[in-house]
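Asker: As a plain string of letters, each chain reads:
2 protein chains.
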Amino acid sequence: MIEISAETVAQLLYLVHDDPEELQEALGELRPPDIAEALRELPPDAAAKVMAALPFELAVQVFDEPELTRHRCAIIQHIDPARVGPLIEAMSADQQADLFREVPADNRPRLLARVTDSTRASLTKLLQYAPNTAGGIMTTEFVSIPSDWTVDQALRLISEVGGRKETVYAIYVTDPETHVLLHVVSLRELLTVSRDENVLEIGSRRAPLTVGPDTDREEAARLISKYNLLAVPVVDDQHRLLGIVTVDDVIDTLVEEQTEDVQRFGGMEALDAPYMEIGFLAMIQKRAGWLCALFLSEMLTATAMQRFQGEIERAAVLAMFIPLVMSSGGNSGSQATSLVIRALALQEMRIGDWWRIALRELPTGLVLGAILGVIGFTRIMVWQDLHIFNYGPHYKALAFTVGMALVGIVAFGSLAGSMLPFLLKRIGFDPASASAPFVATLVDVTGLVIYFSVAFLVLHGTLL
Amino acid sequence: MIEISAETVAQLLYLVHDDPEELQEALGELRPPDIAEALRELPPDAAAKVMAALPFELAVQVFDEPELTRHRCAIIQHIDPARVGPLIEAMSADQQADLFREVPADNRPRLLARVTDSTRASLTKLLQYAPNTAGGIMTTEFVSIPSDWTVDQALRLISEVGGRKETVYAIYVTDPETHVLLHVVSLRELLTVSRDENVLEIGSRRAPLTVGPDTDREEAARLISKYNLLAVPVVDDQHRLLGIVTVDDVIDTLVEEQTEDVQRFGGMEALDAPYMEIGFLAMIQKRAGWLCALFLSEMLTATAMQRFQGEIERAAVLAMFIPLVMSSGGNSGSQATSLVIRALALQEMRIGDWWRIALRELPTGLVLGAILGVIGFTRIMVWQDLHIFNYGPHYKALAFTVGMALVGIVAFGSLAGSMLPFLLKRIGFDPASASAPFVATLVDVTGLVIYFSVAFLVLHGTLL
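Heads up: the sequence lines are chains A and B, in that order.
Sequential numbering of the first sequence, starting at 1, is according to the numbering used here.
Sequential numbering of the second sequence, starting at 465, is according to the numbering used here.
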């Protein structure tokens, strides 16, 4: 296997695009997702020229790749208007909708005029759903059959229309009158039973699992993942079949949501696009908001410190351990937060479980704090005894202060870090998006107060 | 839809398990993954009793659920030894291997003695691969056919053996002599062509995508996700077919890896089990290691502060802004790290791209730092002018110090945060697992040095 960068492939394709034979050779073993990846590296006009040179079938497959999202709209501007209609027409319904979502509102009518009435009708239906819902990622190209059909009729239909459907592996059985979804059979089940059976007679008797069009796409992903489905049907409130969400869409969803989670956990807005494709100003915008919000709330640490100015003036040695104790609180808080966020996302715990978590995190935090406290205490004693640094005559009291403060701060960090995601979820926020940075601020400010309070209690009359 | 907790279902199932009719009714609409979820809530001996009461087919499906991992091994100890053999025998090959991975080494021979020779041979083969490789999650239950068969022969085979295979939607065509993998066809393709064609004649002419048994399971996931596959074949170095990794396994892999990433990003070892199922001591162990490592490295902040003790004694007001400037550096570093970790994981950037990222992060960091710097400067000036706090006669110089230090620290944070994942990857570490906490420490220590250096330059001769 030779690994070639997408840029190189892109340049190669552009170089040979006007010689059909050379192009054919250059395409070689490339699959549609590879070509889509390469086209992203070209300016839209160059990408459009390559698209125009590709065999139509292949061009459609390439344009159908979710990898080309955010580029299709720019490329289409440069494609011969007469070719645009058939190209869009041949795309799968969910990708058509995705494309139109990217088209600026004032360009939409012009593009809609290029497709057939039935495509326009399907598009209008799909576009009414938000992109993060099951309706927003579903496709309308599924195989559905009336409930009075036999297995043989179903298999004949699949061999006729199979090539044009997003998946043929799940077949949806509906009431011939009301179009209500009655049953789902798998192609595997159809193939392993006698061909004259009625389709309602085969497979599981359970009511099919469904989602509504406004269900969060993450919930559709959870169902597909938990029940090992190849697709989940989307039904309206009369239980009529609107579309299906396939396992491919779900994988894309999982990867996207994961990216958003990591970025939000890092304390910023989700980018919604690859790092290298974001403009400089957009990048600043995505990051400055959260950074400023955190900065403004961290100003509370300065306010807290102002209250302790007298202590610092009298015992500057106290200031030395501020970063250490603060960061320990932050680290323990961030551990607890990441554990709880993930457990909430995986539905391992519910919001009502908060007190069970609190009862676990408090002792855990105390033990972890005690471990760090002992290390901190030892560090100061050893440095003093080995004459590495002179903490003054009250170094034992100082070491004790740092040790005790660590116990309190780490315990508080674990408790606050584990409880904040519950609180955020309770008041309607996404815990993944805001917990980590909030915990940091909360723990930093409280940590300072705990540290100086312990210092005051221990050192009062000696250093303070 | 009524949502019932897994605990309630578990208790219900246990209550009725010895009355077959009541059990049948209680099982109602429950699917195997639901029953698996419920069994996790029961003590192993109770779960074993419910398992024994289930119809055999259903018991096998429940035991086959990855959801029951980590519990199966304990449950099996309480199941009638005579029933254990057939139960394991009927599980799918990849779940058999998973089960045996959990069995303590000294119990394995006893359990292995209960299965047939062929199962034992397949297990021995699967168990040699590490659980995070393609070999470790693959199954050996695929449909493979010799290359001289017709479509009709292939379809007949599927209707016979289809029920017993993990997937029938991808069919693997091998050389009848050498067993080398030659071609992959989809069931959809088989159904939409004439039945007397040779199987090699249909579908794409491209060499099939494959992975080796030692390929990282994340790479198998990436291929399935990028090329929208239902399974990817695992081949040995002679290109002989060993097994397949299915899309179901890949979804489980994605979710697991996501959990590990979030936990490692939070600065701890991955738990490898749900939060509520980890014992107190195990939890301390998973968290104390990283917490101590971070604490020890954060001690460098105390060392750095010791060098500036003189400055703090002369100007205690400087100490007030330490938490603020440190946390800003940490926040900008954590933004940059999370962006780069994710982009590396999605292969949006390669290790050789580091300098492009550096060239973006430095100006981004400078602008972000300037924004925070202006806010910080204004804060001090306003507080002083409004007499909220008295920063002393040199408050303008102090405000300027804080502002300039913020520019330097945020720029350094962005740069260090974006470069560290590259460095860790270069020296062979997983960037996701270690970057975030390392960045925090690095930025904290450097931040202090930058802050006091700026202070020295600006305030020398006045405050210092």
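Keep in mind the hints are simulated off the structure, nothing from the lab.
Where is the CB? At the ideal position from N, CA and C, for every residue including glycine.
Warning: the hint list may mix true and false statements.
[As the list claims (entries may be wrong)] Here's a subset of chain A near chain B, in silico, CB distances under 8 Å, partners left out:
1. R70
2. A74
3. L157
4. V180
5. M276
6. V374
[As the list claims (entries may be wrong)] With a Cα cut of at most 16 Å, we get these calculated EDC-like pairs of lysine to aspartate or glutamate:
7. K629(B) <-> D19(A)
8. K629(B) <-> E605(B)
9. K629(B) <-> D612(B)
10. K513(B) <-> E553(B)
11. K629(B) <-> E553(B)
12. K165(A) <-> E653(B)
[Stated by the list, open to error] Every beta carbon over 10 Å from chain B, so not counted as near; a handful from chain A, in silico:
13. A52
14. G266
15. M299
16. F321
17. H460
Asker: If a hint holds in the structure, say so; if it doesn't, say that too.
Answerer: A quick look at each hint next to the structure:
1. R70: 13 Å, violated
2. A74: 19 Å, violated
3. L157: Violated, because the Cβ-Cβ distance from L157(A) to chain B comes to roughly 10 Å (cut-off 8 Å).
4. V180: 17 Å, violated
5. M276: 6 Å, holds
6. V374: 10 Å, violated
7. K629(B) <-> D19(A): Measuring from Cα to Cα gives roughly 46 Å; hence the hint is violated.
8. K629(B) <-> E605(B): 5 Å, holds
9. K629(B) <-> D612(B): The given pair, whose Cα atoms are some 22 Å apart, is violated under the 16 Å limit.
10. K513(B) <-> E553(B): 19 Å, violated
11. K629(B) <-> E553(B): Distance of about 14 Å is within 16 Å: holds.
12. K165(A) <-> E653(B): Holds. K165(A) to E653(B) sits at ~12 Å (cutoff 16 Å).
13. A52: 23 Å, holds
14. G266: 3 Å, violated
15. M299: 6 Å, violated
16. F321: 6 Å, violated
17. H460: H460(A) clear of chain B: closest Cβ-Cβ about 18 Å, beyond 10 Å.
Comparing the model with each numbered hint stated earlier shows that hints 1, 2, 3, 4, 6, 7, 9, 10, 14, 15 and 16 do not hold.
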